[in-house]
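Peer 1: Here is how the chains run, residue by residue.
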Amino acid sequence: MSAPIARNLPKITSRNLIASIAVVAATSLLLGACSSSTTPNSNPSSNTGGTLTVAIPNAADALDPTTDTTFVGRIIFANMCLGLYGISPQQQVAPVLATSMPTISDGGLLYTIRLRTGVKFNDGTAFNAQAVKTSLDRDMTLSTSARAVELKAVKSVTVLNASTVQLHLSAPYSPLTTVLADRSGIVMSPKALAREGKNFSHDPVCVGPYAFQSRPSLNQVSLVASKDFYGGKPKISKLVFTVIDDPSTCYADLLSGSINLAAPGCLAPNDYKLLTKNSAFVAQNVVSPGYAGIDINVSNGAGYNKPATPANNPLATHPTLREALALTLNRSTINRVAFDGVNQPGCGPISPLSPFYTQLACAGPDIAKAKRLVASSGVPTPINLTLMVPTGSLNVEQGEIISSEAKSAGFNIKVQPTEFTTALTNASVGNYQLFDIGWSGRVDPDQDTTAFYTQGNPLDYTGQAPSSVLTPLAQADRTTDIAQRKALYLQAEQAMVQWGGIIYLFHATNQVAYQKKVTGVSFTPDGLLHFASAAVG
Amino acid sequence: MRAYVVRRLGQSIFTLVVASVLVFLGVRAVPGNPATALTGNADLSPAAIAAINRQYGLNQPVPVQYADWLRQVLTGHLGASPVTGLSITAELANAFPITIELTILSMLIGILIGVPSGIFAAVRRGKVADYVGNAVALFGLSIPSFWFGIVLILIFAVKLHVLPASSYVSFLSSPGSNLSHMVMPAFVLGTGVAAVLMRQMRSGMLEALRTDYVRTARAKGLPEPSVVLKHALRNSLVTVATVIGLQIGVLLSGVAVTETVFGLSGIGSLTINAVFQRDYPTIQAVALITAAAVIAINFAMDFVYAFLSPRVQVEGAAQ
Chain A
1 MSAPIARNLP KITSRNLIAS IAVVAATSLL LGACSSSTTP NSNPSSNTGG
51 TLTVAIPNAA DALDPTTDTT FVGRIIFANM CLGLYGISPQ QQVAPVLATS
101 MPTISDGGLL YTIRLRTGVK FNDGTAFNAQ AVKTSLDRDM TLSTSARAVE
151 LKAVKSVTVL NASTVQLHLS APYSPLTTVL ADRSGIVMSP KALAREGKNF
201 SHDPVCVGPY AFQSRPSLNQ VSLVASKDFY GGKPKISKLV FTVIDDPSTC
251 YADLLSGSIN LAAPGCLAPN DYKLLTKNSA FVAQNVVSPG YAGIDINVSN
301 GAGYNKPATP ANNPLATHPT LREALALTLN RSTINRVAFD GVNQPGCGPI
351 SPLSPFYTQL ACAGPDIAKA KRLVASSGVP TPINLTLMVP TGSLNVEQGE
401 IISSEAKSAG FNIKVQPTEF TTALTNASVG NYQLFDIGWS GRVDPDQDTT
451 AFYTQGNPLD YTGQAPSSVL TPLAQADRTT DIAQRKALYL QAEQAMVQWG
501 GIIYLFHATN QVAYQKKVTG VSFTPDGLLH FASAAVG
Chain B
538 MRAYVVRRLG QSIFTLVVAS VLVFLGVRAV PGNPATALTG NADLSPAAIA
588 AINRQYGLNQ PVPVQYADWL RQVLTGHLGA SPVTGLSITA ELANAFPITI
638 ELTILSMLIG ILIGVPSGIF AAVRRGKVAD YVGNAVALFG LSIPSFWFGI
688 VLILIFAVKL HVLPASSYVS FLSSPGSNLS HMVMPAFVLG TGVAAVLMRQ
738 MRSGMLEALR TDYVRTARAK GLPEPSVVLK HALRNSLVTV ATVIGLQIGV
788 LLSGVAVTET VFGLSGIGSL TINAVFQRDY PTIQAVALIT AAAVIAINFA
838 MDFVYAFLSP RVQVEGAAQ
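In the order they appear, the protein sequences are chains A and B.
Those letters in the first sequence? Residues 1 to 537, by the working numbering.
Those letters in the second sequence? Residues 538 to 856, by the working numbering.
Be aware that one or more of the hints could be misleading.
As the list claims (entries may be wrong) - In silico BS3-like pairs for lysine-lysine, Cα to Cα no more than 30 Å straight-line:
#, chain 1, residue 1, chain 2, residue 2
1, A, 306, A, 233
2, A, 369, A, 414
3, A, 277, B, 767
4, A, 414, A, 227
5, A, 198, A, 152
6, B, 757, A, 273
7, B, 757, A, 516
8, A, 133, A, 152
9, A, 238, B, 696
10, A, 273, A, 233
11, B, 757, A, 517
12, A, 133, A, 277
13, A, 238, A, 191
14, A, 227, A, 133
15, B, 767, B, 757
What the hints contain is simulated information worked out from the structure, not anything from laboratory work.
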């Protein structure tokens, strides 16, 4: 038997014990409340200074414009690293660090770009043509560059003088200016590049209204107002990007004031709808360059980097079945039920905001015709298919609606939720039949089309498209005439719909919501948020 | 006692070495080129693959790679994440304190609620208090932490505005703000721990109260509180200590759901991000450090056993 542990214990009664447990439970909740500062949200109410906290839906990878591949990375760069060009609210390419659109000569093989003068990087060093050349050379040659493929048409970059740079192309490439409006056009401080080398992401320095301060963890990036910015020091002292990957938590945080603004992708559509009715918040829904659709594995049977091979599914060998499947889908219903109507139904990849957009008449839903096409194919029903969807309740819900609608024409579609990165890998290697996937979109239609239909491109999940698709796309790349390009893209889109490798469902939209006391936020159609003129209070 | 300690230390070190080998080989078992596995990028050029092979020593024999990796781990040089470029050591140094603090606070809440309520339920067996205690424990075990967390946020942050909904403030920079940020997530986790401990404590106490020595103590006329707390409780605590050790291990490995709901950048959140981004070096480092922490906790718990039950010491010496 053990020795006595203690003496003179108080008499234990049920009342004492219940009271003790209740006190512990209540105290643990109240302790924090009593200990907290006056309010959970420490943002000051003054118009100048203060911190703006922005929730983003997932973490950016390395903060290096040369290697970054994330959408949220672009949001951060939009405030820290400006480029030669940018996108205006009207979805037009506009000069930023350049003074004007490039002068294109020599049959489209020479781009001459004039640069702003008197501009400094956020480390105080001078922005000039040599810095532009250094950045572009890095983008084209770094072994881990994600920009190299975007700049594939550029042969070399030369410095004409301190404020003029020239890009020499190997072949005409009209989307190049739009490419330079994305991360490829971001100019990095040569001093920082020389100091950090491939670790530029540890302390990135560019030209921007905000300068990088710290990245204490994967889920948080802090920027501070730049005193060197040519447009004047921003009103907000500090910009904090914090990752909130659960939509319910993002909504609750916005309501509680823990965050000031929820970036695109943070909120669920139904929560966004509630915020549109809440007078304490501003809620905006903007059509983006992106789209949502269903990729069908037609000739990607062996993988994108292998020769085109028919896939193992009846839709690969029967084009009429692809058309039949498209005819079963009611885009308005899917949009209303799964997405609370926030998206814009459409049947092509080009955004309605684009100058190259022509509205296509979407065929369907037409169940009678779908049934006739299925019957004429000779394939016995039910036609069993698997629809791979990225995990997430909205994606699964959309998949279930698609499966339900397709059943009416004899398709038996099984929805297979798959982790996103795994799904992309499966699609690249051709290990799928149907894939519910979207694309965040780019301003130039070339970047929303060609890569997705050309065998050998990692984004081509569906397989090699016919020449009726690829020929007008290639022609559109080589001309800068807008009317001509518009006509060619219309021709290509009509061929895409006829071939049916991708069934386009919606033009994607971006939702953003923020407290009414936040002003001056610029939200461009590409989903990027600009806080150079923002203020809190 | 010395022999017991040495034996347990040896077992712990052996377990840790085995864990390190499994963690190391795990990345190499991923289909495809190790360079693509380490970077999560399946579309690398031959030049990029060669550069990564040189950077990570992938062109060396596997035992040499393991020795190099082990040396880096032991000297704290875990390298940089190929996805984010951040130092893995720095990321762990940021994440672990959050998880450790959450673990400590959750366990405190769990023990302070679970142990007394388990004792009380055992002493009041078959009475209303026992049934209520079991029902509350069942509730604590059944309730999903993500739901409970969101409910607490809606009540205390959104409606009452008395607590922040998410994120983390370091204790050193502001103790009050730190506690206000941690109280809800700690309570969510603590109630789950309390439910487990309550059931274990009740079961252990019921068994102890039926033993001969407790009957003898009562027969000797000792007051009931003395019988319960001085004699039955101490012998019941061995199994409860086991459960506490296991629960600490679970919490230290990161409770990703709770961290996600409350915006805490702890080990769970770091692991989830690393998995989704195919950041294998970070996954490797987190797995190894977590295994080491769990092994250390279990080693420490063995001392607690020895304190609680002298039989452990005697049997250890006899062996």
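Peer 1: State for each hint whether it applies.
Peer 2: Verification of the hints:
{"no.": "1", "hint": "A:306 x A:233", "result": "violated (52 Å)"}
{"no.": "2", "hint": "A:369 x A:414", "result": "holds (23 Å)"}
{"no.": "3", "hint": "A:277 x B:767", "result": "violated (62 Å)"}
{"no.": "4", "hint": "A:414 x A:227", "result": "violated (56 Å)"}
{"no.": "5", "hint": "A:198 x A:152", "result": "holds (21 Å)"}
{"no.": "6", "hint": "B:757 x A:273", "result": "violated (72 Å)"}
{"no.": "7", "hint": "B:757 x A:516", "result": "violated (74 Å)"}
{"no.": "8", "hint": "A:133 x A:152", "result": "holds (15 Å)"}
{"no.": "9", "hint": "A:238 x B:696", "result": "holds (28 Å)"}
{"no.": "10", "hint": "A:273 x A:233", "result": "violated (35 Å)"}
{"no.": "11", "hint": "B:757 x A:517", "result": "violated (74 Å)"}
{"no.": "12", "hint": "A:133 x A:277", "result": "violated (49 Å)"}
{"no.": "13", "hint": "A:238 x A:191", "result": "holds (24 Å)"}
{"no.": "14", "hint": "A:227 x A:133", "result": "holds (25 Å)"}
{"no.": "15", "hint": "B:767 x B:757", "result": "holds (14 Å)"}
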